[in-house]
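Chains as they are written, first to last, in my numbering: chain A, 4 to 407; chain B, 4 to 407; chain C, 4 to 407; chain D, 4 to 407.
Hints listed in this document are in silico derivations from the structure and should not be mistaken for laboratory results. Where hints are given, some of them may not hold.
[As the list claims (entries may be wrong)] Simulated pairs of lysine-lysine, DSSO-like, Cα-Cα distance not exceeding 27 Å:
{"#": "1", "chain 1": "C", "residue 1": "261", "chain 2": "B", "residue 2": "261"}
{"#": "2", "chain 1": "C", "residue 1": "254", "chain 2": "B", "residue 2": "189"}
{"#": "3", "chain 1": "B", "residue 1": "363", "chain 2": "B", "residue 2": "250"}
{"#": "4", "chain 1": "D", "residue 1": "261", "chain 2": "A", "residue 2": "189"}
{"#": "5", "chain 1": "C", "residue 1": "254", "chain 2": "B", "residue 2": "304"}
{"#": "6", "chain 1": "D", "residue 1": "189", "chain 2": "A", "residue 2": "318"}
{"#": "7", "chain 1": "C", "residue 1": "385", "chain 2": "B", "residue 2": "189"}
{"#": "8", "chain 1": "D", "residue 1": "318", "chain 2": "A", "residue 2": "189"}
{"#": "9", "chain 1": "C", "residue 1": "328", "chain 2": "B", "residue 2": "254"}
{"#": "10", "chain 1": "B", "residue 1": "189", "chain 2": "B", "residue 2": "261"}
{"#": "11", "chain 1": "A", "residue 1": "292", "chain 2": "D", "residue 2": "189"}
{"#": "12", "chain 1": "A", "residue 1": "189", "chain 2": "A", "residue 2": "250"}
{"#": "13", "chain 1": "C", "residue 1": "292", "chain 2": "B", "residue 2": "189"}
{"#": "14", "chain 1": "B", "residue 1": "304", "chain 2": "C", "residue 2": "261"}
{"#": "15", "chain 1": "C", "residue 1": "385", "chain 2": "C", "residue 2": "242"}
{"#": "16", "chain 1": "A", "residue 1": "363", "chain 2": "A", "residue 2": "250"}
{"#": "17", "chain 1": "D", "residue 1": "395", "chain 2": "D", "residue 2": "250"}
{"#": "18", "chain 1": "D", "residue 1": "189", "chain 2": "A", "residue 2": "304"}
{"#": "19", "chain 1": "D", "residue 1": "261", "chain 2": "A", "residue 2": "304"}
{"#": "20", "chain 1": "C", "residue 1": "189", "chain 2": "B", "residue 2": "292"}
{"#": "21", "chain 1": "A", "residue 1": "189", "chain 2": "D", "residue 2": "242"}
[What the hints assert, rightly or not] Here are some chain B residues pointing at chain A (derived, C-beta under 10 Å):
{"#": "22", "residue": "37"}
{"#": "23", "residue": "39"}
{"#": "24", "residue": "91"}
{"#": "25", "residue": "95"}
{"#": "26", "residue": "107"}
{"#": "27", "residue": "140"}
{"#": "28", "residue": "164"}
{"#": "29", "residue": "210"}
{"#": "30", "residue": "217"}
{"#": "31", "residue": "232"}
{"#": "32", "residue": "309"}
{"#": "33", "residue": "310"}
{"#": "34", "residue": "313"}
Note that the Cβ used here is the ideal one computed from N, Cα and C, for glycine as well.
Protein chains: 4
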Amino acid sequence: MLNADIHIAKSRNDQVATAIRMELREELLNVISHVVSLQEALLALSARNVNTLFVGYTHMQPAQPVTFAHYLLSQFDTLNRDIQRLEEAYTRVNMCPMGAGAIATTTFPISRERIAELLAFDGVVENSIDAVSGRDFILEVMAALTILAVNISRFVEDLIIFGSFDVNLIELPEDFCSTSSIMPQKKNPDILEVIRARMGDIIGNFMASITTIKALPTGYNLDFQEVTPKLWECIDIIKEALDMLSKLITKVEVREEKLARPELSFLAATELANMLTRNYHIPFRASHKIVGALVRELISKGMTLRDANAEMLGKISATFGFEIKLKDEDLQAALNLSNIVNLHNVTGGPSPAEVRRMLKTREEILNHVRSRVFERRSKIKKSIEKLESAVKSLIGSAGSHTNR
Amino acid sequence: MLNADIHIAKSRNDQVATAIRMELREELLNVISHVVSLQEALLALSARNVNTLFVGYTHMQPAQPVTFAHYLLSQFDTLNRDIQRLEEAYTRVNMCPMGAGAIATTTFPISRERIAELLAFDGVVENSIDAVSGRDFILEVMAALTILAVNISRFVEDLIIFGSFDVNLIELPEDFCSTSSIMPQKKNPDILEVIRARMGDIIGNFMASITTIKALPTGYNLDFQEVTPKLWECIDIIKEALDMLSKLITKVEVREEKLARPELSFLAATELANMLTRNYHIPFRASHKIVGALVRELISKGMTLRDANAEMLGKISATFGFEIKLKDEDLQAALNLSNIVNLHNVTGGPSPAEVRRMLKTREEILNHVRSRVFERRSKIKKSIEKLESAVKSLIGSAGSHTNR
Amino acid sequence: MLNADIHIAKSRNDQVATAIRMELREELLNVISHVVSLQEALLALSARNVNTLFVGYTHMQPAQPVTFAHYLLSQFDTLNRDIQRLEEAYTRVNMCPMGAGAIATTTFPISRERIAELLAFDGVVENSIDAVSGRDFILEVMAALTILAVNISRFVEDLIIFGSFDVNLIELPEDFCSTSSIMPQKKNPDILEVIRARMGDIIGNFMASITTIKALPTGYNLDFQEVTPKLWECIDIIKEALDMLSKLITKVEVREEKLARPELSFLAATELANMLTRNYHIPFRASHKIVGALVRELISKGMTLRDANAEMLGKISATFGFEIKLKDEDLQAALNLSNIVNLHNVTGGPSPAEVRRMLKTREEILNHVRSRVFERRSKIKKSIEKLESAVKSLIGSAGSHTNR
Amino acid sequence: MLNADIHIAKSRNDQVATAIRMELREELLNVISHVVSLQEALLALSARNVNTLFVGYTHMQPAQPVTFAHYLLSQFDTLNRDIQRLEEAYTRVNMCPMGAGAIATTTFPISRERIAELLAFDGVVENSIDAVSGRDFILEVMAALTILAVNISRFVEDLIIFGSFDVNLIELPEDFCSTSSIMPQKKNPDILEVIRARMGDIIGNFMASITTIKALPTGYNLDFQEVTPKLWECIDIIKEALDMLSKLITKVEVREEKLARPELSFLAATELANMLTRNYHIPFRASHKIVGALVRELISKGMTLRDANAEMLGKISATFGFEIKLKDEDLQAALNLSNIVNLHNVTGGPSPAEVRRMLKTREEILNHVRSRVFERRSKIKKSIEKLESAVKSLIGSAGSHTNR
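Excised from the complex, chain A in its bound form (with noise of 0.2 Å):
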């Protein structure tokens, strides 16, 4: 009887729905993990650099002094998020479509509460017609590993530029570039390169996906039988991604030297102009002018910032209206990077005070994650093994009975 039971129940439509999302949960665990692996890599990083200056770019332009591990940080904070968006995938890809059968369920009296429970789901997807020709569940994981391909993508774009023989602030590693016999100088990020355009193959998936399920009436359709290989690799390319990742990034090395090019003294413009305004009481407005009519005189003179003394800022100053008697020791103190990065250290700022502050809470963010993802597996593991051996049992006294 139970096998007919069994028999009954069954229908490929709601059985590839179980299956896939029994195997969808499996890789979404291993996706976090790997994204966890790179995190960790992030913070041992950080950890290095805490003092390291470093620039911050907007508009590919220069703009402000930073630190490496500020940098850094940036992008563990954005990997964050994308644990996050795969954990809540999570709790609606772990529920039970079995018992759902063609599309209307089965006559034969089944506990789907039961089945669900032994298959270590965290629930049923109840209505039958949903359960069987519902594939958001796929699209949502999909969507949620684009926008961690983008962010990924905007990485390596970062490093990329970082490493480039013209911006030249990081040394990237030799093992993940080529270079050419013959100009050894010339190092080609040829890893990075790959890994940017292999985050557009996730693109891809997602869009031929949205295509093909966008167009499909309710009810089971032979189209989404192709959009599930595309599903396993979209999650083959983001693993191999970010192990590529997270072994190459903990060998980047700081070219800091670079920090020192006299072009780069003007990023402390700005924090020359705050001092302005809080030393000297000049109005922000005016402090600014009188920054950018500084800056103006220097080029026009083929001098930076660092070539800025206190008697050239005083005149300027003066022909704003501001006589002011400027200290050297503040002239100097608001054109050290290293000082204006200790001065920005207010929440989420550069400073390295806040920076170790965040590397804490960064560490135990980790091992939140790290634990909820133990629990997971765990308890999938255990009803399977309970599940395995309530089959054998039942083979075996099955086997007993034909025996007799």
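Dock chains B, C and D against chain A, hints included.
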């Protein structure tokens, strides 16, 4: 001094991000409310159609009998996951980037937490680089809207097919269709076709945004500015579509008489086999084959399952080696579509009893969503009022200052 | 010396581009041949169905009577434009980038024109920067394949709908469908659903490639390397789909008896109004209204246009102020679907005479395509043979050199 | 009678398709003219920069010396293929669907060829089903615009990078950028960033249209109506972008002094090896290794290729087993970037002589494009004038008729 503070904390980069998030959180609540309206319409229509027979389709072929309420609830449940995704996106949207400045916060002693609270945010986007250059909150909302659009498009496709001349299971409301004066029997589902196409626009906007953002390095880039209008366009399109669908759906009528078409009697085939197994202990595989043979014979004679009788079925069973004395009442029960639907009463099945249970729990789900939306709106309203009154009193005191 | 020359002209960048173009030109000819095969199948099926009545649909509603051949030729003509696009892409693909080196050509005195000729190219991609960093030739082919995929997908959608249980105008071949043992009357169009979904893959691959290439600056980037496999995948998918469709289409049978369904008599409505205008000089607007009123009356009585008679139509005409003496033969002629089709004999219309004319010209079109493909293949073959023999004799003489 | 004819031939379905094609053919010519304007600007700037040294980049790394004109011509040639694609699309756009009616032509004796001629089409879209339900002509234009958008985006990306603080090879015109009062040395390439993002919109519109049309069965569907505005939007965006770029490009200045940076002396490495092979008969592989060793030694000493001398190179050659007596003039010639560029004078190379030749032929190409556009515009204008005068005389005679 405060004036200066405000000036200094201020940069286009964090301001723009803050303004988008403030508008977006309200729009997210609006979209959720629009989804809820459609769900209310679905529940109302379901309540009127708990016993209305309907066809469950797979592969665009009639597969099993269900009820119209059962079908409508499958749409409700799908939309429910869309609401979850939108609410989860809300938690990441409603975080405050203010105070991040151009990229590196500020050297003036502001409290980013206090600003966030005053502006009714649930927290701070800490890392300042992340705060000004992260746009995954926009992509995430667009992804959620894209999946919602796919779901709406599939629902609309169903309605177009169900209402088409050949399928003709439902009657679409006249005022949402166009007819020609000469062919009054032909109704073109204009509004539904337009909705279907507009759902494609959301996908297109998402793709455009993905393509643009994927290519950008970290830091503010003006390309961002071109992405935001696409976000608002997606929101406007989806709200309008949900609005039209909510109005249309309440006027849909089922042509229940179409279920009486003799050809549709074949929908009983699966249950007929089940009955043979259940009542006459024929193994499932065999009963499947017996019913298959019966159907083939009927078709060859130009008949349908409605024309089957106990004798016929008995004879065919015998050819498969099963001598059964089939009661005519068993046969009639197995062929009665309403009866079949009643028998499908496991969790999530089409039986009126189960559908009624589901209707009740869905009402509760809606209540919860509505109160969460209400609470979020209240919180925003209160904070903004408080902020406005604080600003007023500040301006007042500043004013009196000036007057002195 | 020659050895050195070859070495020097050689760079991965121009070599890769050359190799892709050489493979792609052959594959383009292969795809064109596959399209031609499908077109041949369409012509063969058309020839058997010149007089077979069929329904012309708009908005998924039956609109006017056509013939099956007329429908099939519409697919032929669409594919024809796909071939044009592929042939035009060929002219840009078959240009030679060789000799462009890494980006700036070479300082060794090579003849790029001679290399191009030896490799059977139609010309040189002149500017060397353009030659190594242009990938629009790949995007263009993928765009042409994308549009072809859209056209195939729409054709397949038609076949699925025409063969569905409810529409049931055609019989899909059994070996391209799956049936269940228990519901032998239900045929799932498996192959067609799979083709439909795979056409989405081509779109996805194109989108991935667009996203990747759009973001790249000029010059060779390794991202290119990830685009090429997607190109080959698109080509493989489309060839397989065309192959399956060609085989399937030849076995499609029209269920002409379905055209005799009383409901479909309404297809004559437009022509009935035309007849009133033509034969009885009733202004077109009025005759439209008269027929509309007639149809409404028939429907209200549970009748169809087949049940209309001269008296009925006369009475309704009178209420619109037109006293006509309608001849019954005029009415019968206007209601006869075959007759209506015969009357639609302007250029491109469904009348058998016009379809026969079109069939003939389409045969000629195919001949032209086939001979262009043949010529291109011959040219490539000859060049390659010549090149190989030149290389052989060179190696021979080099060998003897060495031996000396 | 004619009146009736016109009435009858008329259906929304073929009228809409005809109207779109009539507007689209004009817009195609407009887009082509805008591309030509950009090409003219490129030629003008090239003419001024035939001898201006520039860097040829691969992998975002400086690779070989070229000239700025050589780079600009690579953009010209890319745009040339875009024009070809647009002109080829034109031949399929400018075909007339009029007379196809709703789907099955008409029973009134019209001449579709005559209508096509009157409306200045180049021919008839014959099959009437194809004529009203084919939208590949729209997709094809959008595909061509998408590829053009990709090409523009890559060009814009180049300009942003070349103009960035770190690369700094060109000076972008002030009025297309934004600066801050405080950091006058920092120019944000606003217009270019906006163009780059808008090119993404074209991709998004194309994707939306593909997704919508792919899912539609044959026959007119109202979804089509939503696709057309996207087509016009693409055209408006591309015209505006081309317009802005044409204006911007003429004001771009090269910072030739940057080419004198000692680090860029490494650009001569390849040619140095070539010289060893050419003048001193060292096998190519060996000369590659020798130069590589030289570069490594120079870098280790903090020097650049500029600091190399004949003695150094001789010593290193000797360690590889090649005793050569290097002339200092050979070394200096091999290290001189202008000299290197002059030597790259094979077809399509950067040498001023070759660039001058290409400039001349490109002028001719532009002349041909301009005259084809002119002829097409004239043909349309003449036909429309003729049609209008025919209509006037018809109305005139109809008027006099009525008056009688």
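Taking the hints in turn, this is what the structure says about them:
Among the hinted pairs, residue 261 (chain C) with residue 261 (chain B) is consistent with the structure: their alpha-carbon atoms are about 18 Å apart, no more than 27 Å. With a C-alpha separation of about 32 Å, the suggested pair residue 254 (chain C) and residue 189 (chain B) falls outside the 27 Å cut-off, and the hint is violated. Of the supplied pair hints, the one linking residue 363 (chain B) and residue 250 (chain B) holds, its CA atoms being roughly 22 Å apart against a limit of 27 Å. At most 27 Å may separate the alpha-carbon atoms for a hinted pair to count; residue 261 (chain D) and residue 189 (chain A) meet this at roughly 18 Å.
Restraint check for residue 254 (chain C) and residue 304 (chain B): satisfied, since their Cα atoms lie roughly 24 Å apart, inside the 27 Å limit. Only pairs whose Cα atoms come within 27 Å are accepted, and residue 189 (chain D) paired with residue 318 (chain A) is accepted, the gap being roughly 24 Å. The hinted pair formed by residue 385 (chain C) and residue 189 (chain B) fails the criterion: a straight-line CA distance of about 60 Å is larger than 27 Å. Proposed proximity of residue 318 (chain D) and residue 189 (chain A) is supported: the alpha carbons are some 24 Å apart, at most 27 Å.
Between residue 328 (chain C) and residue 254 (chain B) the alpha-carbon distance is near 43 Å, which puts this suggested pair outside the 27 Å criterion. At most 27 Å may separate the alpha-carbon atoms for a hinted pair to count; residue 189 (chain B) and residue 261 (chain B) meet this at roughly 17 Å. A distance of roughly 15 Å separates the Cα atoms of residue 292 (chain A) and residue 189 (chain D); the hinted pair therefore holds under the 27 Å criterion. Among the hinted pairs, residue 189 (chain A) with residue 250 (chain A) is consistent with the structure: their alpha-carbon atoms are about 22 Å apart, no more than 27 Å.
For the suggested pair residue 292 (chain C) and residue 189 (chain B), the alpha carbons sit about 15 Å apart, so the restraint of at most 27 Å is met. This hinted pair checks out: residue 304 (chain B) and residue 261 (chain C) have alpha carbons roughly 18 Å apart, not beyond 27 Å. Proximity of residue 385 (chain C) to residue 242 (chain C) is assessed by CA-CA distance (about 25 Å); at most 27 Å being required, the pair is judged to hold. Of the pairs offered as hints, the one joining residue 363 (chain A) and residue 250 (chain A) holds, with about 22 Å between alpha carbons and a cut-off of 27 Å not exceeded.
Pair hint residue 395 (chain D) plus residue 250 (chain D) does not hold up; C-alpha atoms about 43 Å apart against a cutoff of 27 Å. For the proposed pair residue 189 (chain D) and residue 304 (chain A), the alpha carbon gap of about 17 Å is at most 27 Å, so the pair holds. The suggested pairing of residue 261 (chain D) with residue 304 (chain A) holds, with an alpha-carbon distance near 18 Å, which does not exceed 27 Å. A threshold of 27 Å between alpha carbons decides the hint, and for residue 189 (chain C) with residue 292 (chain B) the separation of about 15 Å falls inside it, so the pair holds.
Of the supplied pair hints, the one linking residue 189 (chain A) and residue 242 (chain D) is violated, its CA atoms being roughly 39 Å apart against a limit of 27 Å. Nearest Cβ of chain A to the Cβ of residue 37 (chain B): about 18 Å, over the 10 Å cut. The hint is violated. Look at residue 39 (chain B): its Cβ only gets to about 18 Å from chain A, farther than 10 Å, so that hint breaks. With a cut of 10 Å, the hint placing residue 91 (chain B) at the interface with chain A holds, because the nearest CB-to-CB distance is about 5 Å.
Against a cut-off of 10 Å between C-beta atoms, the interface hint on residue 95 (chain B) holds, since the closest Cβ of chain A lies about 6 Å away. Proximity of residue 107 (chain B) to chain A holds as hinted, the smallest CB-CB distance being about 4 Å (cut-off 10 Å). Residue-level restraint check for residue 140 (chain B) holds (minimum Cβ-Cβ distance to chain A is 8 Å; threshold 10 Å). Residue-level restraint check for residue 164 (chain B) holds (minimum Cβ-Cβ distance to chain A is 6 Å; threshold 10 Å).
For residue 210 (chain B), the suggested interface contact is upheld, since its CB lies about 6 Å from the closest CB of chain A, less than 10 Å. The interface hint given for residue 217 (chain B) is met, as the beta carbon of that residue sits about 5 Å from the closest beta carbon of chain A, less than 10 Å. A cut of 10 Å between beta carbons decides the hint on residue 232 (chain B): the least distance to chain A is about 19 Å, and the hint is violated. Evaluation of the residue 309 (chain B) hint against chain A yields a violated restraint, the C-beta minimum of about 20 Å exceeding 10 Å.
Interface hint at residue 310 (chain B): violated, since its Cβ lies 23 Å from the closest Cβ of chain A, which is beyond the 10 Å cut-off. Given hint, residue 313 (chain B) at the interface with chain A, is violated; its Cβ is 20 Å from that chain's nearest Cβ, farther than 10 Å.
Of the numbered hints given earlier, the model fails hints 2, 7, 9, 17, 21, 22, 23, 31, 32, 33 and 34; all others are met.
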